[in-house]
Amino acid sequence: GAGVSQSPSNKVTEKGKDVELRCDPISGHTALYWYRQRLGQGLEFLIYFQGNSAPDKSGLPSDRFSAERTGESVSTLTIQRTQQEDSAVYLCASSGEGGQGNSPLHFGNGTRLTVT
Amino acid sequence: RKEVEQDPGPFNVPEGATVAFNCTYSNSASQSFFWYRQDCRKEPKLLMSVYSSGNEDGRFTAQLNRASQYISLLIRDSKLSDSVTYLCVVNREDTGFQKLVFGTGTRLLVSP
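Sequences listed follow chains A and B, in order.
According to our numbering, the first sequence is numbered sequentially starting from 1.
According to our numbering, the second sequence is numbered sequentially starting from 1.
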């Protein structure tokens with residue numbers, strides 16, 4: 001079926017506002033990842049979900065960042081009180097087969113966040 | 001030291017050339033390895049998994065050296081469309097969950 005879907009594709013917000021980014025993984029994929037990629041930089045791991053649980057939150061840059069996943073499906077990444085350094089492309093990926101190590105990631109197109 | 005290190009390049013090669021990249025990883029508990037490609041301003045896409053015995057997919061060959069903790073990617077007969085960034089990805093499973101760590105990528109430029 002459909003691939004990983006992210007919305008919005010672009011978001012421009014003012015410094016200090018909250019934003020919510022959404023990810024719809026591939027149906028049946030139990031593992032879901034959020035990454036951040038600043039312009040010209042590599043992918044920075046943010047958080048990983050296995051089912052609805054997030055065993056690893058170590059990548060979240062600060063307590064302004066939070067994420068949740070419900071129904072082993074949709075995930076939202078929330079950034080509170082946005083700062084200019086939060087400007088980046090936020091990529092969501094999912095993998096199947098219970099998130100086994102040999103399952104590749106399927107990425108969404110990303111949400112390009114610009115904080116002015 | 002970064003967990004996954006790559007030479008950022010760019011590697012400049014003419015069409016038809018053979019080019020190889022290496023990627024080193026620091027965590028010996030890493031179990032799975034992949035190469036992804038990323039076009040400018042687009043999402044990464046899986047190029048190939050890397051198996052212990054090495055594997056080949058058309059013009060692309062991947063090798064894994066666990067003893068030295070590096071993986072390699074060889075591209076033969078380079079095409080203009082190969083001009084993207086190649087991301088080395090290592091899966092860590094030593095903490096009971098999956099964590100895929102990306103290198104910062106190696107950029108390839110293939111010229112006519």
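Treat the hints as calculated values from the structure; they're not laboratory data.
A quick note: this is a predicted structure, and the numbers were derived from the prediction, not measured.
Every residue, glycine too, gets a C-beta built ideally from N, C-alpha and C.
Be a bit skeptical, because a hint or two may be false.
[As the list claims (entries may be wrong)] If we take Cβ atoms under 8 Å as the criterion, some of the chain A residues that face chain B in the derived model are:
id: 1; residue: I26
id: 2; residue: G28
id: 3; residue: Q41
id: 4; residue: F45
id: 5; residue: Y48
id: 6; residue: G51
id: 7; residue: D56
id: 8; residue: L60
id: 9; residue: P61
id: 10; residue: S62
id: 11; residue: F65
id: 12; residue: A88
id: 13; residue: F107
id: 14; residue: V115
Verification of the supplied hints:
| no. | hint | in the structure |
| --- | --- | --- |
| 1 | I26 | 13 Å, violated |
| 2 | G28 | 17 Å, violated |
| 3 | Q41 | 7 Å, holds |
| 4 | F45 | 7 Å, holds |
| 5 | Y48 | 6 Å, holds |
| 6 | G51 | 11 Å, violated |
| 7 | D56 | 6 Å, holds |
| 8 | L60 | 13 Å, violated |
| 9 | P61 | 16 Å, violated |
| 10 | S62 | 19 Å, violated |
| 11 | F65 | 17 Å, violated |
| 12 | A88 | 12 Å, violated |
| 13 | F107 | 4 Å, holds |
| 14 | V115 | 18 Å, violated |
In summary, the numbered hints that this structure violates are 1, 2, 6, 8, 9, 10, 11, 12, 14.
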